[in-house]
Amino acid sequence: MYKIIADKLFNGEKTLEDRVILFDERGIHHVGSDVKEMVKETFRAKFLTPGFIDLISGIGLKEESLGKVEGNDLDEATNPQTPELMALDGINPYDEAFPKAVRGGVTKSLVLPGISNSIGGRGSVIFNFGNNILEMLIKSPFGMRFSVNTEPKETYMKQKKMPVTRMGNAYLIRDALFKAQEYKKNKKKFSLFEESLQGVLDKKDKAFFSSFRADDITTSLRISDEFKLDTVIAHGFEGDLVIDEIKKRNVPVAFGPIILAKETPELRHLSVQVPAKLIEGGITVALVSGHPYYPAEFLRLQVGLLIREGVERDRALKTITSVPATILGVEEFG
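Take the numbering used here: the final residue in the sequence shown is number 334, and no numbers are missing along the way.
No wet-lab data here; the hints were simulated from the structure.
Beta carbons are placed, not taken as given, at the ideal position from N, Cα and C, and that holds for glycine.
Simulated restraints on C-beta separations: (1) His30 x Asp215: 48 to 56 Å; (2) Gly130 x Lys68: 21 to 29 Å; (3) Leu267 x Met167: 16 to 24 Å; (4) Lys189 x Gly310: 51 to 59 Å; (5) Gly32 x Lys204: 34 to 42 Å; (6) Asp24 x Gly310: 39 to 47 Å.
With a straight-line cut-off of 16 Å between C-alpha atoms, the simulated EDC-like cross-links for lysine to aspartate or glutamate are: (7) Lys185 x Asp202; (8) Lys3 x Glu41; (9) Lys179 x Glu84; (10) Lys277 x Glu309; (11) Lys277 x Asp244; (12) Lys247 x Asp230; (13) Lys3 x Asp34; (14) Lys185 x Glu195; (15) Lys203 x Asp225; (16) Lys277 x Glu312; (17) Lys46 x Asp7; (18) Lys139 x Asp89; (19) Lys139 x Asp205; (20) Lys139 x Glu331; (21) Lys14 x Glu331; (22) Lys248 x Asp225; (23) Lys46 x Glu17; (24) Lys8 x Asp34; (25) Lys3 x Glu37; (26) Lys203 x Glu226; (27) Lys3 x Glu25; (28) Lys3 x Asp18; (29) Lys179 x Glu226; (30) Lys184 x Glu195; (31) Lys3 x Asp24; (32) Lys248 x Glu280; (33) Lys247 x Asp225; (34) Lys8 x Asp314; (35) Lys40 x Glu25; (36) Lys139 x Glu332; (37) Lys179 x Glu195; (38) Lys228 x Asp202; (39) Lys100 x Glu64; (40) Lys153 x Glu76.
When you get a sec, could you build the whole thing from the sequences and use the hints?
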């Protein structure tokens, strides 16, 4: 058994003073006042939190320092509709980014396929440490990636096939969901394509809609309404422009990364003021790295920016602890 004596402990909801934590290799056994217990070693902490959770990540799918081909399994950019894909099959547990993320306090991630496809595939919730992917696995598959932004257009315009417009992109998403609905009514022959979408149609799984602009966010909300999906808006850089639409549906926003060069028109509205406004407006917000576009190891720096923007510290800390834990259904980790 080991002991941590913390001057302050954030437990996922609020900050507590003078707390003692007893733990071993199996987990945490006590949180509270000091107790007489034989321990192997005692540690002291000024401020202690749960391990941080990165709700949108490509860690392990696009590896550090390996170029554009080797180590890049983020996007299967050969077909815009790929709900059958599973991030678990592409994650390399030996990606150099994993130990760096842990050093930054980020101990868990939802790894999703990239955003080049209209429907990218299914994610995996993992620990960012372990000897192999089976040791790292928390739950899989979890989450379906839908991409309502300019990426599918840019990807398939080069290949001269749909989608080359936002209309075509939305059509491909609806087309797949309609086919999955019809398949459920009359399963004559097994189809992995339609089978992969049953979880989101039954609300047993989350639909992550990656949308940056306000019009794309509302398209994502409309599609979610049509098919009654349990949706999370990912990125949401113009979410403050459509707060009322997001709020009345009680849809959470996985916002970020905050720190990005504004290389495209979709990023021109991006600022730390946006998630602050969303939180002030009553939206449930998690902060994400979108690794590798912003390194997962620095996820906590975005929380600091929120606090500087006026968001109360405990509320800001929830964005990378209890909020993503609840969305992922792993509350015991947040």
